[in-house]
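From first to last, the protein sequence lines are chains H and G.
Residue numbers for the first sequence follow the numbering used here, so the first one is 795 and each next one is one higher.
Residue numbers for the second sequence follow the numbering used here, so the first one is 463 and each next one is one higher.
It should be emphasised that the hints constitute simulated quantities derived from the structure, not laboratory data.
The hints are all genuine.
Distance condition first, Cα-Cα at most 20 Å in a straight line; then the derived EDC-like pairs of lysine to aspartate or glutamate:
no., chain 1, residue 1, chain 2, residue 2
1, H, Lys850, H, Glu832
2, H, Lys829, G, Asp603
3, G, Lys620, H, Asp912
4, H, Lys801, G, Glu518
5, H, Lys819, H, Asp878
6, G, Lys620, G, Glu509
7, H, Lys848, H, Glu832
8, G, Lys526, G, Asp597
9, G, Lys526, G, Glu571
Listed next, with one range per pair, are the computed distances between beta-carbon atoms:
no., chain 1, residue 1, chain 2, residue 2, range
10, H, Gly821, G, Arg467, 40 to 50 Å
11, G, Ser586, H, Ala847, 39 to 49 Å
12, G, Ser554, H, Lys848, 54 to 64 Å
13, G, Cys553, H, Ile875, 50 to 60 Å
14, H, Pro816, G, Leu560, 49 to 59 Å
15, H, Ile875, G, Leu560, 46 to 56 Å
16, G, Arg467, H, Asp912, 24 to 34 Å
To spell it out: a stretch of chain H is covered by chain G in this simulated footprint if at least three of its residues, at any positions, have a beta carbon under 8 Å from a beta carbon of chain G; those stretches are:
no., segment
17, 803-817
18, 881-889
19, 895-906
C-beta atoms are modelled at their ideal positions from N, C-alpha and C, and glycine is treated no differently.
Residues per chain, in single letters:
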Amino acid sequence: MESSAIKSGALVSLQDLHQSSPFFKQGASLRVTGKLQEFSVETAIAIVVDGNAKLKINTQHLRDLSFQVGSIYQFIGELLIQPDDEAILQARVGRNVDGIDLNLYHQSLQLLRQFQADHLSTT
Amino acid sequence: MEQLRRLYNTHVKLLAFDLLSLTQTPSHSPSDPISFSRRGTFFFRAETVGTITSRELKPNKFLKFTVDDGTGCIVCVLWLNHLVSPYFSRCSPPSVRLIAQMASRFAAEVRLGVVARVRGRITSYRGAVQITVSDVVVERDPNVETLHWLECMSLASKCYDVRPS
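Chain G with its partners taken away, still in its complex shape:
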């Protein structure tokens, strides 16, 4: 079980075409975290870097946007409903306000044409893989995308596609 979850806390760097081809693994119990697999490796969280090519805001509900890294478009969902969500009603109000403020700040950063580094949990909606966003950083260095591609390719061959012995 430990080997299956070795990447549980890692935001794996995957190219969009790779991420979008992941298969959701059936969970054996409701308490199992949602995971996706490829070639026997299980992924839970991901990081992508690319150009924001669409943006759809539902105020106080969510921001849905797409990240195009040149190999595909990843749909990303940033929830903005923390203050009214029953899920967060169990948390302390100051913490919820802080989370809501951070999400609001991230949403303001997401603009068409900017390059952003987006991290979050890998989820799916209507059969399509997407990222439920935990943080967004706008990248201004024009070489960042090139570096991301190289990192994704290197990690795929040296880490993600390597079966643990």
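Same shape as in the complex, but just chain H:
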């Protein structure tokens, strides 16, 4: 149960964000993690990748965050799905997470989802 107006960013991997995914919804609040592949200062659009998956991030509202290609970043924001079905995350917070153990992170995500599902089914 949410207790505030601020929505929690659901933990997703970039691979989860395909068109048939339940996470691929207009306005969905998400938390994504990926390596910075490109960043445009003019448009404030960053592209992050994780394996074969990539996602555009609109960073215009972020402050005090420098962008270095090759570093790993994590963003929380809302998904904007454009008319051509391309998605862009409108980030409201972001941080550099260089040093994160991505294998452990992804494995823990799966455990977390199972844990939440088990708890919701028993209450």
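Given the structure of chain H, go ahead and fit chain G onto it with the hints provided.
This is chain G only, laid out in the frame that chain H set:
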């Protein structure tokens, strides 16, 4: 009674969705501490780790902020009114000043986008569970949140959900 309060001094590590689903237990007397329960276990204090996603400051009154751990958003309230509060007028002024300074330092640490470890008493406001903050530590290790999730899940199955015999 001892069994009911076995976690009284423990800042239990709960995931946000779990914490927010706690039920406030009715108190039998005004002197009973406020407690919340889930599956027959009573909780009084909690620890959460997550990203600060909102911050609302009322100077010299309180700082209200939200911690998003990926499973939910927990509202946290850090009181900043120690120097004018009637509650603290009973304490020695040097102690109150020290508490006020610490709270002010914690408030300065809370910034949008940082990951913080927040501990405090579990309370409720208008029916919603929240944390009344006792301390805040900004965590810079990017693996800290992952560790917190794993700790929460492990403690739930090995400790919090285990009925004392």
